[in-house]
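Visitor: Chains as they are written, first to last, in the numbering used here: chain A, 1 to 339; chain B, 1 to 339; chain C, 1 to 339; chain D, 1 to 339.
No lab work stands behind these hints: they were computed from the structure. Incorrect hints may have been included.
Since the list gives no way to pick one copy over another, a pair counts as held whenever it fits inside one copy or between any two copies.
Cross-link-like lysine-lysine pairs, in silico, DSS-like; alpha carbons within 25 Å at most [stated by the list, open to error]:
| hint | residue 1 | residue 2 |
| --- | --- | --- |
| 1 | K241 | K138 |
| 2 | K46 | K241 |
| 3 | K118 | K100 |
| 4 | K100 | K138 |
The chain contents come next:
4 protein chains.
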Amino acid sequence: MTQRGTLGVAVIGAGRMGADHVRRIDEVISGARVSAVVDLDPERAKRLADGIDGCTAYTDPAAAMAAEDVDAVLIASPGPAHEAALLTAFEHDLPVLCEKPLTPDAASALRVMEAEQKRGHRLVQVGFMRRYDAEYRKLKALLDSGQLGRPLMLHNRHRNAASPSGFTTAMLINDSVVHEMDVTRWLLDQEITAVTVLRPTPSENAPEGLSDPQLVLFETDGGAIVDVEINVNCGFGYQVKAEAVCERGTARIGEEQSLVTDMAGRWGGTIAQDFVERFAGAYDRQVQAWVDATRRGEVTGPSVWDGYATAAVCEAGVRAQSEGGRVEVELIERPAFYR
Amino acid sequence: MTQRGTLGVAVIGAGRMGADHVRRIDEVISGARVSAVVDLDPERAKRLADGIDGCTAYTDPAAAMAAEDVDAVLIASPGPAHEAALLTAFEHDLPVLCEKPLTPDAASALRVMEAEQKRGHRLVQVGFMRRYDAEYRKLKALLDSGQLGRPLMLHNRHRNAASPSGFTTAMLINDSVVHEMDVTRWLLDQEITAVTVLRPTPSENAPEGLSDPQLVLFETDGGAIVDVEINVNCGFGYQVKAEAVCERGTARIGEEQSLVTDMAGRWGGTIAQDFVERFAGAYDRQVQAWVDATRRGEVTGPSVWDGYATAAVCEAGVRAQSEGGRVEVELIERPAFYR
Amino acid sequence: MTQRGTLGVAVIGAGRMGADHVRRIDEVISGARVSAVVDLDPERAKRLADGIDGCTAYTDPAAAMAAEDVDAVLIASPGPAHEAALLTAFEHDLPVLCEKPLTPDAASALRVMEAEQKRGHRLVQVGFMRRYDAEYRKLKALLDSGQLGRPLMLHNRHRNAASPSGFTTAMLINDSVVHEMDVTRWLLDQEITAVTVLRPTPSENAPEGLSDPQLVLFETDGGAIVDVEINVNCGFGYQVKAEAVCERGTARIGEEQSLVTDMAGRWGGTIAQDFVERFAGAYDRQVQAWVDATRRGEVTGPSVWDGYATAAVCEAGVRAQSEGGRVEVELIERPAFYR
Amino acid sequence: MTQRGTLGVAVIGAGRMGADHVRRIDEVISGARVSAVVDLDPERAKRLADGIDGCTAYTDPAAAMAAEDVDAVLIASPGPAHEAALLTAFEHDLPVLCEKPLTPDAASALRVMEAEQKRGHRLVQVGFMRRYDAEYRKLKALLDSGQLGRPLMLHNRHRNAASPSGFTTAMLINDSVVHEMDVTRWLLDQEITAVTVLRPTPSENAPEGLSDPQLVLFETDGGAIVDVEINVNCGFGYQVKAEAVCERGTARIGEEQSLVTDMAGRWGGTIAQDFVERFAGAYDRQVQAWVDATRRGEVTGPSVWDGYATAAVCEAGVRAQSEGGRVEVELIERPAFYR
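Chain A extracted, bound-state conformation (with noise of 0.2 Å):
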């Protein structure tokens, strides 16, 4: 691969992330092309792999990793299946984007990243594509201008319209909440050290079992407190809001006022329907940034400590739920490799 040259991409995993993933190298991306397509299911690669040039269908990861046009990898396989993905893709030394989770747990985690490390330098960008939104981004730049002080306390509001079938309590955790955990680490550059959860009555609207909404605190090594309103069956739209509460004053995102309307004895807007309309803008901007920093021979965005990290952080709040109370996080102490 020359500097300049079209980056060629093996996508793992042909399901809806997988396909969204394509679809996006070749129509969105600018410097990048789908040279492979892998999926256990030979049909399903196949199907994605015709729609494009010059791209081939695999069954074997490592297969498609050894091929001579594939110069990274995009890892958007079901999490069990991404540990072996991610030790594949370093045994050819290729970059890799790898969609959240890193892995489905902390021990596993620490595993990808002692094998990262020994290669000696950064090969994985974790999928947390939050860090790619417009408005994260413009807020995190203004905390990071230091003109509103230190943070003190971070709200949040993560709101689906419905959870989909088969969601659990923990997957409000592993699947949802996760999202303001890497959130939380990244805008306040602090590592959270306790979860509680206080759980209300759930809503009508809670599938059977399913305790929702709830609200989650963290507590933070810097001494912040992270309050996330988790609501998975508000049943108005998607929202995701987040306002940091500093020494000098506040700064607030999610707020959508693009069409606003009157009409009908009411003003306001529409609520997105899905993350996809509140978020497509983030996952291009991912794609994008991973794709440019390949380019360049750099790897950047979160590391695969943030993906250790926030997977520690999901077992203890996954316990907190459970159990009730306060517990604690527990980490190794941060390699500096990853500093």
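We have chain A already, so just place chains B, C and D on it with the hints.
Guide: Using the frame of chain A, we list chains B, C and D on its own:
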């Protein structure tokens, strides 16, 4: 009347507006009482007076104004009856709050102006109640502070859900836009020198024969340009908005955001359905300010000059509507008495 | 007192709060007058009384309450003096508007409750004035309408530009969060059953020794979760915001948007700098509602039970602050008298 | 060119606009590459071309268009050079994205229109990029849906922090209001039939001799009335706002609320300082849409008819500015080719 005694008020006119003022003085206003209610219809006057301790019903305004317990007059009868009531109040040297319009045309307003000047001191406050609205007052204070520099343009929106039956195209000017005429003169402290009216194809909501909405344009002697969307069958509610565009910034009022909901796929709030909801506070403050000033022996607020100037602009506006093009406003020179 | 006569009010306490109520009754309120001003400091009482026609100064509350022209009592003295003044008012069977707190602790509130019950009818309205704020009333009406379904969470922000000198960590609960306790109980029509307090590293704006800001959490007997950001040295102004998260939507208040400017590279508006600017209307409406009800021979508004229950939650809150963890609230069973 | 091959683009003009398009095609756009850069100044063309793999510098547009690897042309040279470049592209039957204005006046636009018709199929997309702005597209979709009924009025604000040196009063129309002309025609799907211009006393911020701001009024053949505040020295930033007033409601765009702060006594956000910040996304989407359509063998977007009609409205606008009063727009009958 001692300075701190309770002000006895005669309310002339027991229709909707008069009855509302009677209720206001009885229930809301501090330092005043309704001593007399006057209406040509003796039954209507009596019904209203009976609800108030120590209040007498009259059919003759002159008789009411001669009564011992009447210290001041509030005129809320139909416009054509104003001139006679004002002249009678002048004979008794009674302070007056006169509902707008002062009189139906500029010629009669001039006669009232001459009569008031003969008394040697101001007696009349004209009921342009927007000057007592909290938002307009903030805007006025900001403009007067000079922070924004000189006003260059003023954009206005004036919308009603539906026009009352019998509402004519001329009433768009005389009953509705008259408020923006007063607001323009007051906010900018400038006289209106010309009026132009642009008429789109009428809305399907407008009753047969009513040319609604319209875009009404003023030029002022201070070189400002003012536009007014008058739209009295907008269907969705009552809205009054203004934006002053100045040399160093703009300022706007009229966004109602006191309760915001997220529900059924939409965020936003309700729109007021009539002027009472929007301007109830302004009516209260107007009458309280008049009572307070009268008890101090002062006359403040919009003057007979304001009533006259607005009548002259209305006459130009109605001509501009019917004849098209730009119509100049003709005003007498402002008497020193009204400076 | 005849039903429609002017209500003669004795104001107990001539400090800042008392003086403000004297001015309010004199200048704003309809149907009431200040007949008596009581203060331990005879000079202070006299100075205030001298400005009002027919108003007498007293140093002894009992003497004032025994006066012919006193029909009702407004208690605005320091909290520790409330119990004695209330019991004296009960002896004279006088209706009372008692500034919050009813009394400084739950035990004394219980004694007042018993004494009032012995009179056989309610005499006391407690001064939780947020219930008279226009925005909170809209929110309450919306929740009561059932349109949004059952409330699940209530998020609150309570910010002051700076705390007065001598403000202690306990006063964050007793003087500030006490308002959210009342608001929670009133909006949700539920009792608070437990309090948890999370304390971030204090802001650099907080005076030495003051743990500010804090995140205070309530659980209610209806299964709702409530969070309160209390932040009394936020530096930028006075803000009170609330968002009710319900089964079918959310509703929020506290966004001040009455005048928006575009200037010097920024759009937006000013933030109120103290509670007077934000809640002046609520104080006026509270006193007017009390005067109107009293003249009708009724007692409405927050009751002694509300004063007691709030005192009990405050006690739990202060313990949660100092001891950490979750503290349960202990209430006696609610007497039928207060249902 | 195969349907899915990468589109080779010749960019004509290596000034600010051309350089920005070269960067865009190189870094942002998917499916296209810059094969040629053309500029009269060989050094300028070379500097730009040197940064791009496989890109050749030219001084003669015809030579570039004759090159093997040029599939399409993007014209970003000064307006007076457009006609010749367009006619050359027509000779090579190359699809063109032509920056606005199509040509400097209606007469030359007519000549281009005739030449394109002779080719028998559309080749040109005109660079009215607001049609690709996300907010304008939402507004267009809402109007087209019919939910709001027929549009009656369109209010527009177009503000720049400061005008570039050499900006003339006529350029207010030709360079700035030209966008609202296109937006009006596109949003309403109506032609503009008359223009009126009202000029307040110029702002102290306007350079000597520039009559700024102005209120520009359009009438349309569908009976709508449109007003445009054009204000190119407003001092505080770049703003483009629009409100469509329809029979059943209104809709507005242009309120930037992506990051709101509370700080130093004020709430609000920053105002974009130039059109790049506001419309960068629109430029990207415009070029991507052109590349995508071209690769599919289609021509979409604003046509030569749109370029001609806007030029005719500009001519009327400049006359209305200088002569005062209402000036009618004269258009040829719309050829069937452009329906």
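Visitor: Does each hint fit the structure? Answer for all of them.
Guide: Checked hints:
Proximity of K241 to K138 under the C-alpha cut-off of 25 Å is found in both arrangements, the shortest distances being 13 Å within a copy and 22 Å between copies. Taking the closest pair of Cα atoms, K46 and K241 never come within 25 Å of each other, the shortest separation being 39 Å inside a single copy and 48 Å across copies. For the homomeric pair K118 and K100, the shortest alpha-carbon distance inside one copy (22 Å) is at most 25 Å, but the shortest distance between copies (56 Å) is not. Within a single copy, K100 and K138 get their C-alpha atoms as close as 23 Å, which meets the 25 Å cut-off; across copies the closest is 32 Å, which misses it.
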